[in-house]
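All chains, please: the whole structure from these sequences, using the hints.
Next come the chains, spelled out residue by residue.
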Amino acid sequence: MRQPLLLLLAVTYGCATGAARPARQAGPGPSPTAPAQQATGDSTSVDRQQYPSTYQRHRNAPVLIRNATVMTAAGQEISNGSILLRDGRIAAVGAKVDAPADAVVVDGTGKYVTPGLIDEHSHLGVYAAPGTEAESDGNEATNPVTAEVWAEHSFWPQDPQIPLAIAGGITTIQALPGSANLIGGRSAILKLVPARTVQEMKFPGARYGLKMACGENPKRVYGQKGGPSTRMGSMAGYRGAFIQAEGYRRKWDKWNHDHQGDPPDRNLKLETLAEVLRGDIYVQNHCYRADEMAQMLDLGREFGFTIRSFHHAVEAYKIRDLLAAAGTGAAVWADWWGFKEEAMDGIKENAALLQQAGVRLNIHSDSPSGIQRLNQEAAKAMYAGSRAGVPVTRDQALRWVTANPAWALGLDSLIGTLEPGKMADVVVWSGDPFSVYAKAVQVYNDGWLVYDRGDPAHQPRTDFELGQVPPPGSDR
Amino acid sequence: MIALLLAQTIAITGGTVYPVSGPKLGNATVLIRDGKIVAVGAGVAAPSDARRIDAQGKWVTPGLIDGASQLGLVEIGAVAGTREGTLRGDTIAAAFNVAEGINPASVLIPVTRIEGITTALAAPSGNLVSGQAVLIDLAGGTIEQMLVKSPAGIVADLSETGKAEAGGSRAGAADRLRRVFRDALQYERRRPDFSRAQMQSLSASAANLEALLPVLHGQEPFIAYANRRSDIETALRLAREFKLRLVLAGAQEAWQVAGALARAGVPALVEPLDNIPSYDALGVRYENAALLAKAGVKVALMETDTHNSRNLRQQAGNAVSYGMSWEQALRAVTLSAAEIFGVADRYGSLEPGKVANVVVWSGDPFEFTTAVEHVLIRGEEIPLKSRQTELLERYRKVPPAY
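From first to last, the protein sequence lines stand for chains A and B. All letters in the first sequence, in the order written, are residues 16 to 491 by the numbering used here. All letters in the second sequence, in the order written, are residues 1034 to 1435 by the numbering used here.
If you're looking for bench data, these hints aren't it; they were derived computationally from the structure. Worth double-checking, as some hints may not be accurate.
Taking lysine to aspartate or glutamate pairs in the DMTMM-like style, the calculated list, with each CA pair at most 25 Å apart, reads [what the hints assert, rightly or not]:
#1 B:K1430 <-> A:D360
#2 B:K1430 <-> A:E307
#3 B:K1418 <-> A:E356
#4 B:K1418 <-> B:D1067
#5 B:K1276 <-> B:D1208
#6 B:K1430 <-> A:D306
#7 B:K1327 <-> A:D470
#8 B:K1430 <-> A:D313
#9 A:K234 <-> A:D313
#10 B:K1430 <-> A:E356
Only a predicted model underlies this, so the values are computations on that prediction, with no experimental measurement involved.
Structure representation (structure tokens):
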């Protein structure tokens, strides 16, 4: 669906298009809900707080959802199960859970409960609706290496696509720069909640990702603008950037260690790349073709980092053994293919074959439409596997849109499953989430009821929508 | 070879049959001979020479029809040399019929048909008047063998993209269409004067004016893309003024004027999963298809991503999720589409005399769990193979055995 949009994006700017360069952040601020400080503190180039999260958990009464089918994404599917959310955490999950006296009790009869869905690849906020040039902020297509740009500095919290994604059960996204550039910039890991500023959405403690892109898009964008114009030119571009970053890192690591003399000059591009070298920023790599992914694995080996996840990865099934051995994940679509040459070999069994080989995969959207039904996309990929004799369990398929993207973002200790102690990111579905007929009826983000299909008081609307988009009662 | 295959008699037995033209039939048989359906019902006996397809426990429906695609007209989206749907150079491209651009060898065709889509509109795009769409079956070695109806309608674009072709104003687009319609009618009255160059110049070429006449005489549908409510109303106004057989496409804000569409008898081609607001349709919403159907508008569904035309099933399932009845949704991907494109005498339902485009499903065609078990196009069983199934087989083991 929405292929014309995709094609437009691919040809002009989008993701199935662009990228920029990474920079480095000092330790993110302390989090009210996420004590785990995942980015390291002392490897930073400069000793100052950079662009901290101001996210605050909303205070809510405890919520007990009972009598539902609880799919934990941690190996269990509990019929007539219950789950208790308290103080932004999952307090208990099981067949029998006692509710505190002040708990709001939700009857889950006939309903299903899953962790909040996580989209590892989104351009919400950076390619906002209504899709004008004025809101097109996803590709800093002025240089093939723009590691210095950060997606959060483009992100528009009033993007009317945000409430649509929330209504689809999404609780966390990675908002990425596009794929125009070899190195496109830092991603933003965001709690998908209504907010005035992106800082209020930044996932506390989350490490940044670095968007990189292989293949057709950088060639197309820079082929007539000084290059790279070939895939070999692209490889040289990544290598040159990381060679510079190695020198930068050495200088700063030395200074951080001995504080002798003036600190080295800051370089915003190299700060981010140095953080990749230190392992504090994960590489999130747009890459379609199997042979190119193998080249990128070698690039990681040359510079001592592991690519966290190949995105789009339509040919990942061809090298699933190499990915499994490298410990690199894959973020794939259920069935997109054919919109460009490097997407011609997409098959519906890609996800199932990756699962079978032990690759940590997730189903991503790269689409404001697809993000609204990641559960359906996971279902398609699961059943396609089963039909082809590559069986996938329901728990595994659920993990494709919950625990596995949480891992890809380095947040799997905090989100992605329904286990006590995890953040209370929870979706209540009208039926089996792998059915085309199921819809999210309630979405809790950190214990906050951010969406309730049956209650207009819990159907957030952006400023953009007021006075110009449809009347109450619609799912818009 | 083809004659031999067509002579085959096939009996699909024991399934739950959804004829669409009538209520579902339990434990029924669909009997096919010479590419046509000859009998449908519980009491139909299979002749002894018939090849039997056991459909016990299965669902049997007509092949699905995608109300908008560019199947056969595009191979690789980003490779211009493989795209055939847009004619450059003439914003009134009424004479442009896409048929000869169709590539019967397109790898998209097997990918699509093995998931139960047997027929699709292959439509032109771009320009103010995009050209002539054709209806094709997703089988056949030549264009002639694929064609179901040519033209199936003339496509025009009254949306935001269309106005750019008419000077940048919506009013300009409507005015341009009016002028060209009037010119076509004048051309028809004064062909001899035109050929002697004894009349003032007209706003389109003779070929394009000629091509518009069947639309202006109500013989062919005028398929107008329009999304904003005011654009839909403009399309209705044009249809009244020129007595067009209007078919709306896109129609994202049509739910706001559903009653008017129903009263005017104007059908709509909609994509249920459209809901991203743009300035062309801030009121786009998931319930569009359902609200139109409820108001009595004839609705057919589209999957506009040609490579994933197979996701028409998912579109239909979501239309049900947002308020269409299941029966309405099945009709919207079969008989209603056939009616809109003027082929309901041959397509869209399981009835004696109709072309045998039939699908046997393991269950509800709209559900993800459901597998396609048999696809018949014009009475011929289609092997469930595509370039994608070949890739799967090659890579079942890595490294593959080449």
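Checked hints:
1. B:K1430 <-> A:D360: holds (16 Å)
2. B:K1430 <-> A:E307: The hint holds at about 20 Å.
3. B:K1418 <-> A:E356: holds (21 Å)
4. B:K1418 <-> B:D1067: Roughly 23 Å separates the two Cα atoms, so the pair holds.
5. B:K1276 <-> B:D1208: Given pair B:K1276, B:D1208 holds - Cα atoms ~16 Å apart, limit 25 Å.
6. B:K1430 <-> A:D306: Given that 25 Å is the threshold and the Cα spacing comes to 17 Å, the pair holds.
7. B:K1327 <-> A:D470: holds (24 Å)
8. B:K1430 <-> A:D313: The hint holds at about 23 Å.
9. A:K234 <-> A:D313: holds (20 Å)
10. B:K1430 <-> A:E356: holds (24 Å)
Hint compliance for this structure: every hint is met.
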